[in-house]
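Visitor: Please model the complete structure; the sequences and the hints are all you need to start from.
Chains as they are written, first to last, in our numbering: chain R, 1 to 285; chain H, 1001 to 1262; chain S, 2001 to 2275.
Don't take every hint at face value.
[What the hints assert, rightly or not] The following residues of chain R were derived to be distant from chain S, with all beta-carbon distances above 10 Å: (1) Val-10; (2) Lys-30; (3) Ser-64; (4) Ile-68; (5) Asp-73; (6) Tyr-134; (7) Lys-219; (8) Lys-221; (9) Asn-234.
[As the list claims (entries may be wrong)] With the Cβ distance kept under 8 Å, some of the chain R side facing chain H (calculated, not the full set): (10) Asn-52; (11) Phe-58; (12) Ala-83; (13) Gln-96; (14) Ala-107; (15) Gly-109; (16) Glu-111; (17) Leu-113; (18) Ile-115; (19) Val-124; (20) Pro-141; (21) Met-160.
Honestly, the hints are just simulated from the structure, not real lab data. As the structure is a prediction and not an experimental result, all values here were calculated from the model. Beta carbons are placed, not taken as given, at the ideal position from N, Cα and C, and that holds for glycine.
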Amino acid sequence: MSVIKINDLVYTYPGASKPSIDGVSLTIEKGEFVLITGPSGCGKTSLCRTFNGLVPHFYKGDLSGQIIVADQDIMGEQTFDMAKHVGLVFQNPENQLFALSVEKDVAFGLENLGISREEMRKRVDWALNLTGIYDLRERSPHEISGGQQQRVTIAAVLAMQPKIIVLDEPTSFLDPLSAERIFEVIYKLNQEQGITVILVEHRLDLTAKYTNHLVVMDKGKICFEGNPRNILCNDEISQIGVGIPKATLLYKKLKADGFDISEQTPLSSDEFANQLLKVLANDYS
Amino acid sequence: MSVFDGLKFRKSFSPIHNLDPRIKFVYVIAVFISALLFSQILPLIILFLIQLPFVFLARVQKQWFRSLRGAAFLAGFIFAINIFTNFFFNNWSLTAFDVENALGMTMRFVVLIVSFSVFFLTTSPDHLGLALEQSHMPYEFAFAFTTAVRFVPVLAEEAQTIMDAQKARGLELEKGNILKRIRNYIPILIPLIVSAIRRSLELAEAMESRAWGAVKKRTNLYLLKLHKGDYVLIGITTFLLITTIYVRLFLFTYIPLVSNFF
Amino acid sequence: MITVENVHYSYGNNIEALKGISLTINDGDFIAIMGQNGAGKTTFIKHFNGLLKPSSGIVYVNNVATTKTSVAALARNVGFVFQNPDNQLFSETVEDEVAFALKNFGFDNDTIAQRVTWALDFLSLTQYRKISPFLLSGGERKRVALASVLAWDPDTLVLDEPTIGQDHEQKENLRQFVMQLQTKKKTVIMVTHDVEFVAECNPRVILMRDGKIIADGIAKDILTNSQLLEESSIVRPQIAQIFAKLSPLGLPANTIDIDEAKTMILTKAKESNRQ
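Guide: This is how it looks when you write it as structure tokens:
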């Protein structure tokens, strides 16, 4: 069952000379973990903005094509109505926190929806626990790190119990360790809560292992879509400027020199090491 | 930066901090009105003394004393102006009564400062924002207040970074005449304004995505409830108002002047 | 040359951000300063152009103590590129932006024109010369910020988190830019969290923690030292992660370079085939 269905989408920002999204069709199934990547300016952020109708309702501009999200045609829905179905997390956590305490921020969306106080308390605590920040609930946003701030924004959309969570480069201001923790939280939500996750990321080394639906965009178009193992071993992908995991790159380099360690393209360092150990250990025995 | 650090709220707990900010505010207004009812020094000293238990209960003596010291200059100024005008209008002569009158005016100012500073020293911005949300004004005002408190320190920090960045490119703020000095600030103001606009766009986007404006009547995670202390303060406030108004209306002429004792 | 002698620094709140740092940076050095948030990295680098002056101890830049001179004078030798280009761009055109510092430093018009042309060319920005910097993309704005500092040709360049928010290709361009500076014998000091970028650039790494320097050495030793990495919450570079698991094969755990890795694995494979 698909939760997002986009058909031949073309979108141009007001005053822009060429479209930011240029003929995109995409189907996302319920419960999937989708990874979207591509160089800066490839249209991935604009695509994310269509999922809850920020494009075109907030940004205006020219849009053609069809976007169905959670059975709603976004053209006929307000962003605040879509917010119940789709949660968006943006790049800079600092500009997504408005309240003076963590739990008040997590409650912000629920307050806007007019949820009762008892229900709100339950959902806020639930979201705080799932993202591992329950102990920070009374802190002010100044007092916590960037990684923790970003977990607050995830909890804040989670509390609204959306079917889909969209994260637009949520870790680009974070150090690798904080980034990894964010990805683990997102993966857990996908696995345990069955939430459909759409993650936009440059860091494939940390994220490729979570997905079997990778979308690579360039110049407003989707140029590759499918299993990351098939896509990342393709040679054309390097020309687009996508950061391939080092393990995959090393695998390709060895293969080019005639040493094929496995039929399966490794996506992470662990996978690569295990494959290599297996091959060479077999040789030793 | 220290000016803005004050806005980063610190959590502390005391019977006074825990009071409902709305009630505290009503109390401050009551003191304000009472102070305006009298010009004699004695009742104003009493009003001043009434504030002291609040200061000590809240354990904010240090900060409170600092704000008092800050107001000292203005208080001195008020005193001097009063003395001077009396002096001027009384044909260059000054009586003990005039001095007392000037002291009374000064004391009135001090009482106002004291009661307001206790309010602000014991009410954290989030508590205040909450009170605004739950009073009957449009939510947008409360939201504007809390976002301001949230972002003023962020912008102050950013201004510092921008200043550093431009100084690192050889900008010397203190160089040149007045006109040149004002122009020196252009490379700091423009990035700051551009960034504030960009920030507000991102904020708006995040608000939209979190269902801003979905229903007419928002709910609130917290409910401000009146506790025992609040009822005590309501009692004190009512008593204070009734007493001062009664004294003002019926016993005003009996208020002794300190200068009569000499 | 920058010499740092037992520098302490405290902000107004009496909390010591730097607790006794000594260091010598030679001309032409390429240094990455790493460490957790709050380790004192940014506080430290701001001492190199006098934005901060030590509470005690001395920082010498080319044998002049930073306390004895102004930021403007120090900036002539030490160029500083901040993390976010938007914190400095303000001019109507890219050209004006790049000329800003040159005017502040009092260069004559001919020199300014010549330097601007050179810096724009160096960072492939010539086509944007007459355009407002605000109309450019994030990666391009970052390059304008770099050009605006490079223009006065300082001996030392300090880069604060240069890779943050940059995509793969932009990082690769940045790496090449830094390598070019190296061939021009410039001193480059960068503060970064980006272990992969450090692994690719292979600089001298200075690791800070809690206001002190806890390690100073070559990248491949520090980025594979489990104890140091743990103390500073740094994730091992990907190649090092692989090699950390390859000890049963007798391969060295302190490997961070992909080509070195390839050669070693191929040699190993040949050996095992022979057996």
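Visitor: Which numbered conditions among the earlier hints are violated in the structure presented, ordered from lowest to highest?
Guide: Hint check: nothing fails, all pass.
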